[in-house]
Each structure stands twice: as C-alpha cells, then as structure tokens.
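*Asks:* As they're listed, the protein sequences go chains A and B. Taking my numbering, the leading residue of the first sequence gets 1, the next gets one more, and so forth. Taking my numbering, the leading residue of the second sequence gets 1001, the next gets one more, and so forth.
Bear in mind the hints are in silico, worked out from the structure with no lab data behind them. Note that the coordinates shown come from a computational prediction; the quantities given were computed from them, not determined experimentally. One should not assume that every hint holds.
[As the list claims (entries may be wrong)] Derived pair list, reagent style DSS-like, types lysine-lysine, alpha-carbon separation capped at 27 Å:
1) 1068(B) x 368(A)
2) 220(A) x 450(A)
3) 1243(B) x 563(A)
4) 1125(B) x 450(A)
5) 368(A) x 1073(B)
6) 1073(B) x 370(A)
[What the hints assert, rightly or not] Simulated restraints, written as ranges between beta carbons of each label pair:
7) 1099(B) x 310(A): 54 to 60 Å
8) 645(A) x 1087(B): 42 to 48 Å
9) 4(A) x 1260(B): 57 to 63 Å
10) 519(A) x 1257(B): 57 to 63 Å
11) 1059(B) x 517(A): 34 to 40 Å
12) 310(A) x 1057(B): 19 to 25 Å
Ideal Cβ positions, reconstructed from N, Cα and C, are used throughout, including at glycine.
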Amino acid sequence: MDFFDRFAVPHPSFAIYASMAAIGLTIIAVIAGLTYFKKWGYLWREWLTTVDHKRIGIMYLLSALLMLFRGGVDAIMMRAQLAVPDNTLLDAQHYNEIFTTHGIVMILFMAMPFIMFFMNFVVPLQIGARDVAFPRLNALSFWLFFMGAMLFNISFVVGGSPDAGWTSYFPLAGTEFSASVGNNYYMIAIQIAGIGTLMTGINFITTILKMRAPGMTLMKMPMFTWSALIANVIIVFAFPVLAVLLAMGTLDRQFGTNFFAMDNGGMDMLWANIFWVWGHPEVYILILPAFGIYSEVISTFARRNLYGYTSMVGSMVIISLLSFLVWAHHFFTMGQGAFTNSIFSITTMAIAVPTGVKIFNWLLTLRKGKIVFTTPMLYSMLFIPLFTLGGVTGVMLAMSAADYQYHNTMFLVAHFHNVIIPGVVYAMLAGLHYYWPKMFGFMLNERIGKWTAWLLSIGFVLAFMPMYISGLDGQARRMYTYSESAGFGPMNMVSFVGAAIMAIGFVLIVYNIYYSTRYESRDISNDPWDARTLEWATHTPVPEYNFAILPDVRTNEAYWDAKKNGHVLFKGEFEKIHMPNNSGIPFIMSCIFFVWGFSFIFSLWIPVILTTIGIFACMALRSFEQDHGRYISVKEIEETETNLRGA
Amino acid sequence: MHKKGTKWAIYSVIFTIITVLTGCEPLLVLDPKGPQAARQASDILLSIGIMSVIVIVVFALLVYMLVKYRASKQRADYEPPHIEGNLWVEVIMVGIPVLIVAFLSYVSVQSNYIVEATPKGYEDKEPLVVYASSSNWKWHFSYPEEGIETVNYLYIPTDRALEFKLYSYGPITSFWIPQLGGQKYAMADMVTTLHLAADVPGEFMGRNANFSGKGFAENTFNVTAMSQEEFDDWVKEVKETAKPITEKKFEDLLEPGHLGQQTYTGTHLDFSPPPTGHNHTEESSETHEKESHTDSHAGHESMNH
C-alpha cells in the first residue's frame, strides 16, 4: 500500500474529487467518441503525426484555450475566496495551490502556446515560406509542450499540486517546507515544456533568417515577423537559464544537493536571482509578439502603413537587450543596498522609453487613417489606454525606494495583470478574431466579439483597479484570507464582481466560436479584412504548401503593394514542391517523455531508466532514418489551385 | 518656496481624490508615521502626479485620433496617405520620456540612499537595535541592549532611529510596517538591515509580506510606538515580571504554528546567533564568530526533524 500512497492527493477536497471524476469522464468520452465515429486513423494521420506549421499552430491554439479555462477557474476561485473577510470557501493549502497553478498555467501553458500559435500559423505565411525550417522539430516542440502541460495538470489529482507560488522560491519550495511531490511536478513538467520552447526558438530564428521570400530583406519584414524574431532570440538566451535552474531545483529536491538550502552554504536568494534572469525576459517573450499583432491589426484597420517602422524595430531590439538587465527589480527588498538598487531602478525605467515610442507610433498610425472598428481593432483600441495604465504603474514600481512599499502587495498584482491582460491577452483575442477566417474559412461573429471585448474590459477595470488601492492600504498578495478589521472587504468584493464579469466574457468567446461555426457565412474572400501582408495573399483555406509560387516582395506591405500599386506577387510557372513527410516520432517521443517525467516526479528510477533509453532510441531512429521528404507534382498543384480559386 | 507650495498643492489634490475614493480612511502607505514612510509616500504621490499627466496625454491623443479619423467621418473615396515617419516627431517621442525618466531616476536614486541610511533628523541619537527574526509563522524580536525578547509584538520608542537586523529561521519572509516604512527580506543565510523611525506614538500594523506557506496570512505582529520614558518603563517591567528565554524554550517557539504575544528576559542571540552570511554580506555582525553559522541552524534543525 505504501507504494500507492504517494499518488494520493495530500489535501483532498470535494473540488479535487469532482475534478478527478470530470477528467475521467472526459477521457472516456473522448475515447468513446473517437471509436464510435471511427476517427482514430484521421486523428493519427492528420494531427498527431502532422509536421504542417498551420496544423501545429491550431493545436497550440486549442491547448491555449483549454488552459485559459483551467487558469481562469483558479482565478475565479481565488477571487471568490477573497470576496469577503474570513471566508472559508478554501483553506490555506488549497488557496496556495490554486494561486501557484494559476500563475504557471496562465504564463507557461496559456500565454506561451497562444504566442506559439501565432508564430506557427502566421510567420511562415507572412514571410512567404512553405513551412518552418525544421518541420519535424516543430512537431516535437509542440508535443513536448503539450506533454509538459498535461503532466503539470495531473498534479491536481495525482500526488498534489505545487504550492510555493509560480516563482517557487526556495527554501519554501524545498523538501524541508514542501515535502509532497507538488514541486517535483513544477521542476519536471516545466522542464519538459521548456525544452520544447527552446527548440521553437532555434527553429523560428532559422526560419525567419533563412526562408524569407525573394526580395524580403530584414527591413521589409512585416512587424509581427520582426517581433517573433526578437522574441525567439530572447527565448534562445533565456530558456537555457530556466533549464539549468530547474535542474538545480530538481537536484536539491530529489538528490540532496544544497544549492538553495538553508544549510551547508546554500543560498536561498540564488533561486530568486536565477529565476528572474529567465523570468523577466520571459514577459518580453510574451509581450513583443503581442505588440507585433497590434501593429498588424492597427495598421490594417487604420487603412494605413505602420508609422515609424524603423523606430518600431529599434525599440523592440532595445527592449530585448534591456530585458536581461532588470531582473533585480523583482526583489529590490533583498538588501543588496542603495547602489545596486539604483542601477536596476534606472535600467527598469529606461524600458519605458522604447515602450512609449511604440505607443506613440500606434497613435500616429491612426492619424490621417480611415479607422474601421472591427473586433480586433476594438481590442487594440482598448489595449492602448489600459496598457498605458499598466505601463505607468510599472514606472512607479521601478522607483526602488517606493517599491519597498509596493513589493509583495496587491499593487504589484494589479500592475502585472494590468500589463499582461490588456497587453498579451487582448492581443491574443484580437489575433484570434483576425486570423480565424484564414484558419477556418469563416469569420467570428462581430457583434458577439465586440460585446466580449467590452465585457472583458469592464470586468478588467473592476477586478484590478481596486487592487492598486488595497495594495496601498497594506494588503499583501497571496494571503488566503484577511480579517474584517483590515478593511479590505469592499475592494475585494468589487474585484470579485469584476472577475465574474470577465468570466462571462470568456464564456462568450466559446459561445462565439459555437455560434459562428453554425451560422456564419462560408462565402468569404481570401482577404476579408482588406489587409496588407502576405498571409492574406494566399487562398483560404491555405493549401498545405502555402504558396504555389513563392511571392516576390518589394516593400514591407507586399500584398498591399500588389493590391494598390499593381506589383506582381506571383511570377513564373508552377514547379514541383518539396514538402516534408509526416512523422509519428515526435508524438511517440513526447509520450515517452511524459512517462519519463511522471516516473521522475515520483522517483521511480527503473521506469526513468527505461524511458531514457526510449528517448535516445527515438533520437537514434531519426538520425539513421532515410527520409528526404516528398514532392507535390505540378499536376496536383494545378488541381488544388483551380479548386481553391473556384471556391 | 513658491514651487514647493504648488508641489504640495498637487499632492493634496491627488491625496484627496484617493481618500475620497476609498471611503475617507487614509491608505496605510499614504498615511506615514515616520520619516522613511514619509519619503516613500512623497515619491509615490510625485510619481502618481507625473504619470497622471502621461496617461491624460495618451488618452487625449487616442480619443482625438479615434474621433477625427473614423471611417464614418471620411469621404468614401478617401485613401489614407503613406507616411514613413519623421525624425523630429521621433526625437520628441524619445526626448520627453527620457527627460521624465531621468528626473524620476534622480529622485529614485536619492531616495534609495535616504531609505538605506539612518532616518533624517535622528542621526544625533544612538539608534535602537532590534533583531527581528521570523520562524513559521511568527516574529521574534530581540532587544540585545535591553536584554529582553518578545514574540509577535514590538514596542518602540518614538523620536529615535530604529535599526532592525532581519533574518529567518525558515523560508524567506519580508518584514513590513507600512506606516513606518517599506519592507525588507529576512533570509536564512544572512542578516539584512532596515532603518526605520516613528515620529509619533501610536499602534501600527506589521506583517510578513512575503509568502511563506500555510500560515502566511496570519503572520502579523502589532507595533506600539511610545515615548522613550514609557519605553524604558516597559523594559523595566518586563525585566521584573517575565521569565528568561532558554535554549529549550526557544526551540519550542520555533515549532511551526501560530503563537500569541509573549515576553521573555534575555535574548536568543546568545545561544542561537544570527547567520553570518557568505562572507560578502553587508555589516554581518562582528560580535559573532564564523562558526556561529552552523550553530544558528541548531534551532531549525530541531524544528524539522
């Protein structure tokens, strides 16, 4: 029995048993459904083994939406617990697990895959390429991310969730204070997903540098591609730091080393430092592609070219450099002294300058435009004022002496939600509405879309503005409850109401997908938004080879150039197209990684050894495999093109 | 002087707005009772003021653009022009934020040196040194000069600088009394120093602000500031009435859990001295030998095993 005890949840509650039942039923339903509709073969051929960047993108999107709801449920439970003083809805342990998983799920398993979705789906189309540089590696990236995310999520029902915050500071996250396997899940699941992300970084840098259409010099790349390039450069520099950090954490927790321990020369502040050397660039990995999406959307719907292209690129490059020079602002209060704090205070405030340049460029893009209020544009126009609020509170937090008062309070919580929600989440939703027709051949309903944007924004303001105030009134973050005399009650009640309104907004997104799938017109053009970049120059749905003839590019708005100035994009005859073959290895290898991770978490060393051999076997198989891809013949291309043109 | 007058006028306007918004109770951080907190509150209000201007400018520009350049307001055949950018516009776009950031950096650096030093106006008197250490989920306050120790409550004299020496017998915690000044971490392997002072007598809320596990929410302590005479009387009374703290007793106190307020004579510093750090920490106390590093953990060893 002892062997099985380790898999039990240490702090069971009704919610956990309900989730167990829900997860079990969902799995049974999925298996039964696939069997009944005879879809196993379809699933395997078209999705599990695909190396097509568009399909991988869509799988990232589905995972991100799924995780958005997992993280959202955590959020609403937290706000409900804090809505009234001395609430007993959740106990301390359960609350601690929920805010920990909320943070990790939202950042690493919701925002990251959402970004990956955009990069996968959009970048090859925008640069006029047929796929990414390493399609099979791309599939492996996705499946590693997916298995990491799933592994992390089962912690809730098998063995217990991590409970030391998404930052997982030691020694709190060490075995001394957190003996359950929860923080092993943190170390291993994020490690697996992180390896996938690192591969994505390498893949997309190569893709963008080597596979651009003829004529597209670096300074003629669309802004989203620029933002993706810079974000991937940051990934390649930042994610190895995370890998090393998690490995050190694993060693401390499972192999008795003392990197972060309280004795034997361990340094508890070392974790915090290394964590934020990765953690701060990480937020720019999220926000830069979001800026890229806003640039595309704003320029499309202002019907104007993006103002200050060069300064947009320059400011992103500067942000990416500064992002590695500010990590200590996450702990001004560690006692490193006035001099160090002054340096980090100045570098942090300096980021406001390039960010401000971007805001003003967007505003000037609107000038002399012809602004059309579509749903993506509405999100972008709500982003500018709300994100500005988050940005200026960031400058306030950067004043290190004053930060001694903001640190660890709801003020900080308000700030980072104020940049991440209008900054990243709105960009994701704007992009979702914007690219939906390209993916699925019909638009999302505009009326429901605009309602959603307004509901989310009202909910957002109600949920997070009160936190600035309660933070200044001394409400520390991560407290599972507070007494009535503290006086935080009314503010937190308002927050709860706001969170509930946001929840309605997110449910409306799902409803919109359902509604539009049923009722929206399938009769749309390849370019429903009258857009400016290459992804709109190809057919909808996009053929697997993206472009029958690689486009010829003269400006950074190649498609607009073709539409307005008579530039000919597609010159020449059809030629046979070289495409990669599908492969089951990425999926199988990632499944083995899942078992490896699970065994590692529970210190089951024999399966760890076996799966390690399995992983290396997959890599060896790939190395000795003779797979040179396949060719699509001119005849097939002609058929596809005629069909698509006819439709 | 006139300039200072307008500055304070702006502050008081902002302050009034915030107070009205929150139901007339002043927010703790903006209701300072000591010089450090006052400096921080004035930095906060100054930055709110400057930032409000930026927010208003951005909002105004956005509204202007959206109203003026909406498609419904344009001719149907209007074709927006192609505009690359303008050097002068960009110089302004970079220049003004640089000036604002430079000014705020100047203030920020100045404040850093102020909050990290003995509070202004209190340099003449010898500061009161208090060792504040945290354990799951309590605070232990040792007064080495007075030779007394308290748990979960802090008595301090007004009109005298306070020097807190912070360390932890467990996870990283953060010592915070919002009305006296900002927080600082207490960690297991080094001692950090926080400079505070109270201008007026009163009762203040103090807490651990850094998440430290299950009992974190209740990890608070009460602070009472009183005149030096009253403080001396209290010390005398403690010495007459309280029991001495022993090594055994202290180990019991370190057990995880919550305790009420307690008072002892003597301090734990003799048998469980603060950590000395990694040979590079600021002002690690000279009075303790190097080997005390291992000794200092005797307490938490017993706590965990």
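*Asks:* For every hint, state whether the structure bears it out.
*Replies:* Hint-by-hint comparison with the structure:
{"no.": "1", "hint": "1068(B) x 368(A)", "result": "holds, 8 Å"}
{"no.": "2", "hint": "220(A) x 450(A)", "result": "violated, 33 Å"}
{"no.": "3", "hint": "1243(B) x 563(A)", "result": "violated, 89 Å"}
{"no.": "4", "hint": "1125(B) x 450(A)", "result": "violated, 64 Å"}
{"no.": "5", "hint": "368(A) x 1073(B)", "result": "holds, 11 Å"}
{"no.": "6", "hint": "1073(B) x 370(A)", "result": "holds, 8 Å"}
{"no.": "7", "hint": "1099(B) x 310(A): 54 to 60 Å", "result": "violated, 22 Å"}
{"no.": "8", "hint": "645(A) x 1087(B): 42 to 48 Å", "result": "holds, 45 Å"}
{"no.": "9", "hint": "4(A) x 1260(B): 57 to 63 Å", "result": "violated, 41 Å"}
{"no.": "10", "hint": "519(A) x 1257(B): 57 to 63 Å", "result": "holds, 60 Å"}
{"no.": "11", "hint": "1059(B) x 517(A): 34 to 40 Å", "result": "holds, 37 Å"}
{"no.": "12", "hint": "310(A) x 1057(B): 19 to 25 Å", "result": "holds, 24 Å"}
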